[in-house]
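Number of protein chains: 2
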Amino acid sequence: MTSPKSDLPQGTLDMLILQVVACGPIHGYAIAQRIQQISRDVLQVQQGSLYPALHRLENRGLLGADWKESDTGREAKFYKLTAKGRAQLKTETANWARLSEAIGLILQSAEGGAL
Amino acid sequence: MTSPKSDLPQGTLDMLILQVVACGPIHGYAIAQRIQQISRDVLQVQQGSLYPALHRLENRGLLGADWKESDTGREAKFYKLTAKGRAQLKTETANWARLSEAIGLILQSAEGGAL
DNA sequence: GTGTATATGTAGAAGTGCGAGGTGTACGCA
DNA sequence: TGCGTACACCTCGCACTTCTACATATACAC
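Residue numbers (the numbering used here), protein chains in the order written: chain R, 3 to 117; chain C, 3 to 117.
Take the hints with a grain of salt, since some may be wrong.
When chains are identical, the list treats them as one kind, so a pair holds in a single copy or across two.
[To be verified] Listed below are the simulated DMTMM-like cross-link pairs for lysine to aspartate or glutamate, each with C-alpha atoms no more than 25 angstroms apart in a straight line: (1) K86 x D9; (2) K92 x E60; (3) K82 x E71; (4) K92 x D16; (5) K70 x D43; (6) K92 x E77; (7) K92 x E71; (8) K92 x D9; (9) K92 x E103; (10) K82 x E94; (11) K70 x E103; (12) K82 x E60.
None of these hints come from the bench; they were simulated from the model.
These figures come from a predicted structure and were not determined experimentally.
Required output: the full structure, derived from the provided sequences and hints.
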């Protein structure tokens, strides 16, 4: 309980990955680190979630992959966004904005106390 | 697939229900209508999602229920928030705020570009 | 008496994240 | 030399939630 347990809402992981990959070619292990870093440790992507998601995205044709050498000299699988992936990211981002806005409406509705 | 399918992120339904019930005693059917109405039809709670969620929340002791007569004269199960439920709502709301903020950070990170 | 809105409920299917485990390399330290 | 840690990939099965149907029953309009 002391450690911040941040289960992320189902469906958001794909969007997050797509977004990080959109910044440029990057390998899986680094994606997880990026997300954790940018979110200030709020979001933590487990490897058991990361790699299956990556494979799903690749199978759907949203991500392309190439084996290259990482900064440390080891072989790593670098992912990059396809055109289809870019479109999907756009869609999901818009959808997320609408959803979070709608949820915000519900959450605010009670505070007004108009009832 | 073409129709605007608004699957809501897993875990948010409980929070939404708790929030709506927090406004005062209300029956299940009306909860779904409320959510849809307040969110301007963005969020639509299916009955197959609603009732199981309601029962879960009741089993966890977050919601209390009484059978009363609804506006239309039919018997309906009116739910109300327990103290435990109120605490849970508070926790989930805070958690949601942190999560959505963190996700917002990721989404913005690319636009700024440099990091 | 048929249909619609109200109101509750269940069953099965599908998808997704998580935990726990496994593989292998490279590096620092004792 | 041996050990632990960080890197970097992967898989399996569990648990959970939501969705799509379906089933039930009342009240009211036509």
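Comparing the hints with the structure gives:
no., hint, verdict
1, K86 x D9, "between (28 angstroms within a copy, 21 angstroms between copies)"
2, K92 x E60, "within (17 angstroms within a copy, 38 angstroms between copies)"
3, K82 x E71, "within (15 angstroms within a copy, 58 angstroms between copies)"
4, K92 x D16, "within (12 angstroms within a copy, 28 angstroms between copies)"
5, K70 x D43, "neither (28 angstroms within a copy, 47 angstroms between copies)"
6, K92 x E77, "neither (31 angstroms within a copy, 46 angstroms between copies)"
7, K92 x E71, "neither (30 angstroms within a copy, 47 angstroms between copies)"
8, K92 x D9, "both (23 angstroms within a copy, 17 angstroms between copies)"
9, K92 x E103, "both (17 angstroms within a copy, 19 angstroms between copies)"
10, K82 x E94, "within (17 angstroms within a copy, 35 angstroms between copies)"
11, K70 x E103, "neither (40 angstroms within a copy, 34 angstroms between copies)"
12, K82 x E60, "within (10 angstroms within a copy, 46 angstroms between copies)"
Checked against the numbered hints given earlier, this structure breaks hints 5, 6, 7, 11; the rest are met.
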